[in-house]
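Chains as they are written, first to last, in the working numbering: chain F, 1 to 110; chain P, 111 to 804.
Wrong hints could be hidden among the right ones.
[To be verified] Just the calculated beta-carbon pair ranges, DEER-fashion: (1) F:Val-53 x P:Lys-325: 22 to 28 Å; (2) P:Met-665 x F:Lys-106: 31 to 37 Å; (3) P:Arg-502 x F:Ala-14: 23 to 29 Å; (4) P:Lys-501 x F:Asn-76: 50 to 56 Å; (5) P:Glu-163 x F:Ala-14: 51 to 57 Å.
[As the list claims (entries may be wrong)] Straight-line alpha carbon distances no greater than 25 Å define the calculated SDA-like cross-link-like pairs of lysine to any residue that follow: (6) P:Lys-673 x F:Asp-63; (7) F:Lys-36 x P:Asp-788; (8) P:Lys-777 x F:Leu-92.
[Unchecked claim] Residues from chain P shown here face chain F by an in silico Cβ test under 8 Å; the list is partial: (9) Asp-374; (10) Val-376; (11) Tyr-377; (12) Arg-378; (13) Phe-382; (14) Phe-618; (15) Phe-634; (16) Tyr-662; (17) Trp-770; (18) Leu-773.
Bear in mind the hints are in silico, worked out from the structure with no lab data behind them.
Glycine is no exception: its CB is placed at the ideal position from the N, C-alpha and C atoms.
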Amino acid sequence: MKIRITEYLDIDLAAETWCCHGCGQKFGNARDNYKKGLLIAERPLEEVHQPLVTGEQFSFKPDPDYCRLIELYCPNCGALIDNEYLPPGHPLTHDIELDIDALKRKHGVC
Amino acid sequence: MTSSYYGRDEEVVQRLRPEPMTAEEEAAQAGIEDIDFDIFRHKMHMIALEGKETTMKLGASTAMRWGDVAFGIFTAQGDLAICATGIYHHAVLGQIPIKYIVKHWRDEPSVGVRDGDAFFYNDPYYGGVHAADMGLAIPVFAGNRLICFVGAAVHTGECGGTEPGGTVQNAKSKYYEGLQMPPIKVGEKYALREDLLNMFAAMNRDPRTMILDLKARLAAARIVQRRILALVNEKGADFVIGALRRVLKVTGEAARQKVAALNDGVYRQPRFLDMVGSEPGLTRINLTVIKKGDRLTLDLTGSSPMLHDKPLNSFFQGLIGLAMVYFCGWFFHDLPANNGLLEAVDWKFPDDSLVNAKGEVSTSLAPVVQSYFAHAMFLCGARMVYSNDPKRAVAAWFSGFAIPIYAGINQAGEPVADITPEINATGAGGRSDMDGVDGAGAFFATVSDCSDVEATEADRPVVYLFRNFFNGSYGHGKYRGGAGAGVGLMVHHVPWLAMGSMGAGAHFPSTLGLFGGNAVPPTFVQTVDGSNMKALMRANDSPIARSLAEVYSAMNPEQGDRKFNDIDMVVRPRLNGDTSYISVSGGGGYGDPLEREPAAVLRDLKFGRTTAWAAQNIYHVVYDPDSLRLDEAATIARRQDVRQRRIARGRPYEEFMADWRKLTPPKDILKYYGSYPDPEAGFAPQALPKAVNM
Chain F
1 MKIRITEYLD IDLAAETWCC HGCGQKFGNA RDNYKKGLLI AERPLEEVHQ PLVTGEQFSF
61 KPDPDYCRLI ELYCPNCGAL IDNEYLPPGH PLTHDIELDI DALKRKHGVC
Chain P
111 MTSSYYGRDE EVVQRLRPEP MTAEEEAAQA GIEDIDFDIF RHKMHMIALE GKETTMKLGA
171 STAMRWGDVA FGIFTAQGDL AICATGIYHH AVLGQIPIKY IVKHWRDEPS VGVRDGDAFF
231 YNDPYYGGVH AADMGLAIPV FAGNRLICFV GAAVHTGECG GTEPGGTVQN AKSKYYEGLQ
291 MPPIKVGEKY ALREDLLNMF AAMNRDPRTM ILDLKARLAA ARIVQRRILA LVNEKGADFV
351 IGALRRVLKV TGEAARQKVA ALNDGVYRQP RFLDMVGSEP GLTRINLTVI KKGDRLTLDL
411 TGSSPMLHDK PLNSFFQGLI GLAMVYFCGW FFHDLPANNG LLEAVDWKFP DDSLVNAKGE
471 VSTSLAPVVQ SYFAHAMFLC GARMVYSNDP KRAVAAWFSG FAIPIYAGIN QAGEPVADIT
531 PEINATGAGG RSDMDGVDGA GAFFATVSDC SDVEATEADR PVVYLFRNFF NGSYGHGKYR
591 GGAGAGVGLM VHHVPWLAMG SMGAGAHFPS TLGLFGGNAV PPTFVQTVDG SNMKALMRAN
651 DSPIARSLAE VYSAMNPEQG DRKFNDIDMV VRPRLNGDTS YISVSGGGGY GDPLEREPAA
711 VLRDLKFGRT TAWAAQNIYH VVYDPDSLRL DEAATIARRQ DVRQRRIARG RPYEEFMADW
771 RKLTPPKDIL KYYGSYPDPE AGFAPQALPK AVNM
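Bound-form chain F, shown alone (with noise of 0.2 Å):
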């Protein structure tokens, strides 16, 4: 039994596993950090985020000091589950950690 848990995730009740909800890749296992069976890059800031001014230091892109964009993708087909703007080295986050074992009580899953 699937729950769809994000736009992109869902998790396998019976094998405790996280999965892409398009093409039903596992992400490894629905107790631990679904990032860690995702595919990562750290994406150049200009390709996401055009400057449109060149040689200040304010531009609408953002200034990777403070930033860098990361990406996530689905190892099989390549989706993107999700992104974090994080400062340089600051380490990716734990956003969703869900007690399975309420969760397979609530679906009634043994």
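Based on the hints, put chain P in the right spot on chain F.
Chain P alone, transformed into the frame defined by chain F:
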């Protein structure tokens, strides 16, 4: 003073949840029929709405005129039972000053609470936000029996700080911030105390607005008082007292039921601020939401330390107020907006943190701290609710303020000091089934307006060069954020005007996307001193910029001393003809931009809501640039190629993290952060002064 001490009341600010039910309240609920209760709730809401509308119609400040108004009906104990507002945090926080009045002044012989009294307050410790937010409340008596309190809380744009316009970016302590009044009786026997009004006027750069706003709150409260007393005459005092309390009871029960339906778990979102006032610098607000059973716990452990000589701090109660913006507007959108909702919420704030200000530190920029926190609530909330109700999973609205501030003498020779109203025209966040609404409002004041420019120009010494949607103001995504406003302003009519702006997000985006959606681009202020704009305007054929996009085009003919300033720009004198340009931005994007319907991209191109650059580089749509006709097959192929390139460049988690962990921001921007990356590691909380018993 017989009931307290001369110092901050640290107990009363803890009482955000409903007070224990009194015997009178319990007895008064007996015998209220369900149908009578429903009619009562509707009627009281309409009465409160009349209070809100009256406040807006009579007020003078930008925020009051355009709807950043909270009008509340509070129980005799001070709990907010009925709220008419687009700005929920003031309504929820507005109960603290009422509870202060009940606790300290009701039985104080030198003050008392009597029919015909009026109380004013703007101390941010009790109001929860900052000194520019001011409230006025009155007790409603039926005979000698206190039935309830009613009152309005609104941002009045000037409070006499060391900088004009309600915020002080150079504040080193609360003493820079101007007027900070704990609840004080300003009227009795149905008359305002003119000596006190005179004092307020003397402490404010814009006395006309200060006094008009204060009187507007009172006039609205008196109308609401009249309506409630009519209801008391019809249904009896017991009915009104009991029904007000019952509103809180049923709200709390419903809130807990609604929370119980969500998936148990822990949801996290750190937020990064990129300024500490007048100086850039990185800090972290760290939100963890723990959902278990029918309770939510908001845990701010791991946030950056309190800033002892900077204004970027907030009292904890202010964050709870902003949590209520999310709860009332989004999560509990179908429940009454009152503090009964907090029966389902607990909180934990670390000591000596910028989210739990103590002592004499400045909280002048608390709205920014609270806005960033509320943004984290949006993101945690979306992850929490998606599984149950995807349509309530919404990317955050613009959270960076970007508010122009001004002060000086206007074209009629009158002093003015305030903000412009475009904060009420920011874009909504994208959502699971539609784009964010363009120019939707402010996330904390959704039922508000940004005025027409002529109304603002009528008594403010500026001309709007343009104010329209900026196609570079929002986050891209499967559903894009709503567009915000690009604004061009020129000083006009007067020799000079002090101008600046308040906000955050010039370095690090203030507003993130959701489920892969892009963040809102950074925003900043471009100023042109000694501009040739007036000469260009006199020449009929000059192609002056008509949008922010045109300001940044190579064709812009404007010349002068051009500067690019942080969005948190301390006011400075600007001369007649000087110009300013700012993006009061849009909402965060929702979902993978590659999933956006190509037709939606082309529609945005047609109507100027997106750029060719974004269509080609973000959405990867292939089309004829002249006809905007879609090449569907080529678009599918190109998007598939982009997905393959993602797989090629992506690295497994541990491999990526091995290199990523080696990075760190430059030391100079971590000056205020605490230990990096966890601000609390190695950080010892400092002993702080307590309130002094007198």
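Given Asp-374 of chain P was flagged as interface, is its beta-carbon under 8 Å from a beta-carbon of chain F? holds, 4 Å
Under the criterion of a CB-CB separation shorter than 8 Å, is Tyr-662 of chain P in contact with chain F as hinted? holds, 4 Å
Should the interface hint for Tyr-377 of chain P be scored as holding, given a Cβ-Cβ cut-off of 8 Å against chain F? At 6 Å from the nearest chain F Cβ, Tyr-377 of chain P passes the 8 Å test, so the hint holds.
Going straight from one Cα to the other, do Lys-36 of chain F and Asp-788 of chain P come out at no more than 25 Å? Satisfied, since the Cα-Cα distance of roughly 21 Å is no more than 25 Å.
Can the suggested window of 23 to 29 Å be confirmed for the beta-carbon pair Arg-502 of chain P and Ala-14 of chain F? Holds, at about 28 Å.
Taking the CB of Val-53 of chain F and the CB of Lys-325 of chain P, does the distance hold inside 22 to 28 Å? Roughly 46 Å apart at Cβ, these two residues miss the hinted range, so it is violated.
Given the hinted pair Lys-673 of chain P and Asp-63 of chain F, is their alpha-carbon gap at most 25 Å? holds, 17 Å
Hinted pair Lys-777 of chain P and Leu-92 of chain F, Cα distance within 25 Å: holds, 20 Å
Does the CB of Val-376 of chain P sit less than 8 Å away from some CB of chain F? holds, 4 Å
Grab the minimum C-beta distance from Arg-378 of chain P to chain F and call the hint holds if it beats 8 Å, violated otherwise. Check passed: Cβ of Arg-378 of chain P comes within 5 Å of chain F, closer than 8 Å.
Can you verify the interface hint for Leu-773 of chain P: is its Cβ closer than 8 Å to any Cβ in chain F? Holds - the Cβ of Leu-773 of chain P comes within 8 Å of chain F, reaching about 4 Å at its closest.
Under 8 Å is the threshold here; is the Cβ of Trp-770 of chain P close enough to any Cβ of chain F for the hint to stand? holds, 6 Å
The structure fails hints 1, 2, 4 (numbered hints given earlier, in ascending order).
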